[in-house]
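Number of protein chains: 2
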Amino acid sequence: MAARPKKHALFEAIALMGKAFASPVRLELLDLLAQAPRSVEELARASGQSTANASQHLQALHAAGMVTRARQGTHVRYSLAGEEALRLWLALRDTSAARLAEVERAARHYLGDDVEAISRDELIARLARGDIVLVDVRPAEEFAAAHIDGARSIPLAELEQRIAELQPDREIIAYCRGPFCAYAHEAVRTLHAAGRTARRLADGMPEWQLAEHTAAHDKAA
Amino acid sequence: MAARPKKHALFEAIALMGKAFASPVRLELLDLLAQAPRSVEELARASGQSTANASQHLQALHAAGMVTRARQGTHVRYSLAGEEALRLWLALRDTSAARLAEVERAARHYLGDDVEAISRDELIARLARGDIVLVDVRPAEEFAAAHIDGARSIPLAELEQRIAELQPDREIIAYCRGPFCAYAHEAVRTLHAAGRTARRLADGMPEWQLAEHTAAHDKAA
DNA sequence: CAAGCTATCAAGTTATCTCTTGAATAGTAT
DNA sequence: ATACTATTCAAGAGATAACTTGATAGCTTG
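Note that the protein sequences, when read in sequence, are chains A and S. Take the first sequence: its letters are residues 1047 to 1267, numbered as in our numbering. Take the second sequence: its letters are residues 1047 to 1267, numbered as in our numbering.
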């Protein structure tokens, strides 16, 4: 018999993955990895951590089965461990936003004044009509890793200088890392200040990819 | 400016929910609550914790937005915080099983020798034909809280004495709390030992409920 | 093979988490 | 009111976790 210790071992094993989500630093690393695979150094810089600390957290994420890693010469490239891991992170993020008022509050505080958004479905329709300009305002490496078909890359830092590149008669749709990323909000404010018509996509790249993948899967079935 | 502290506050708020999943005790409490709402005392007993410790963990789960509570006279009844919370817990459980070999191993070790299972779809078909007996082998309170339509309740502890109640010419399908619950496995072994034909449902009550709800939702749309 | 860079390791400090114990609180029943 | 029960609170000991610092190991390049 002795079922309890065995049951306890099972929950303990699951909790190893759970621990991945218990630290804000690890969540930020997951969020960055949801955009693109990166080296330890890049992740450390992007998350404002020391290299050693980032490395330790990445190892914890690896032990938790949430990321994979591969040596590439002198670098180690960490990636999110497949679509499952991405789904789990997004589910936690969205559920926490739905159920914890503090998450909502912190998000509003970080994102600043709300900016008009358009849904994925509407974006698909407008892309089909071809009467908009779709701009990816994330850093160039993230665009390089994956982007929405038909988008052009103008990292937020360059946007103000490069507004002239955007066809003046068209509405501009900006997107970034997701609903809790400030880049698209900021981009739309910048574009409005320059007198352009602009909105943001309500969510970002990872959500778009997941939806595409799910749609392809449904069609196959 | 000063975006980093604001961003950090956002991840910190999300991590509050993440912490819910970082302790095996809390996971077991979530797993119990996925079956039925319960009082602190019942949860403490069922999880093998002291009342004070269970209470503390339940408060952590409450702060994390994963459970709700309501005073009922002298008791406090804790419940899982809606379908969202259930989905998140099941997603973590399943993803950890898929990505962490140790979870798989611990599950096999806890469940014992594998026992033939049937899928939800097959169960639906067999229920429609009416040529099986569906048995809920969870504790009676859990059956009372929710069960699959058409099932009868025979808690595992009583099964051996009550096999005669089950129509002898029919195959028996046993189900319990989910794929990582040992009750259905154990029930099928007991039934086989008594010379009956029996299989287990591959998953359990909460998964059935979610699937039903999703199906209803799809139909409405 | 020596220099230079990236990532990890090891050790130590501080903070956080877990569980226990004993007391306090809130509601019920006598 | 008083006793009783379920839950929570408060405080403390012991175990983990987080971050820093300085050293080490693995690749690449000259």
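Please keep in mind that the hints were generated in silico from the structure rather than gathered at the bench. Accuracy of the hints is not assured; some may be wrong.
[What the hints assert, rightly or not] Derived DSS-like pairs (lysine-lysine); straight-line CA-CA distance at most 30 Å:
no. : chain 1 : residue 1 : chain 2 : residue 2
1   : A       : K1052     : S       : K1052
2   : A       : K1065     : A       : K1052
3   : S       : K1065     : S       : K1052
4   : A       : K1052     : S       : K1065
5   : A       : K1065     : S       : K1065
Going through the hints against the structure:
Using a Cα cut-off of 30 Å, the hinted pair K1052 (chain A) and K1052 (chain S) is violated, with the two alpha carbons roughly 42 Å apart. Note on K1065 (chain A) and K1052 (chain A): the hinted pairing holds, with a Cα-Cα distance of about 20 Å set against a maximum of 30 Å. A C-alpha spacing of about 20 Å is found between K1065 (chain S) and K1052 (chain S), which places the hinted pair at or below 30 Å, so the restraint holds. Straight-line distance between C-alpha atoms of K1052 (chain A) and K1065 (chain S) comes to about 23 Å, which keeps the hinted pair within the 30 Å bound.
Restraint check for K1065 (chain A) and K1065 (chain S): satisfied, since their Cα atoms lie roughly 7 Å apart, inside the 30 Å limit.
In this structure, the one hint that does not hold is number 1.
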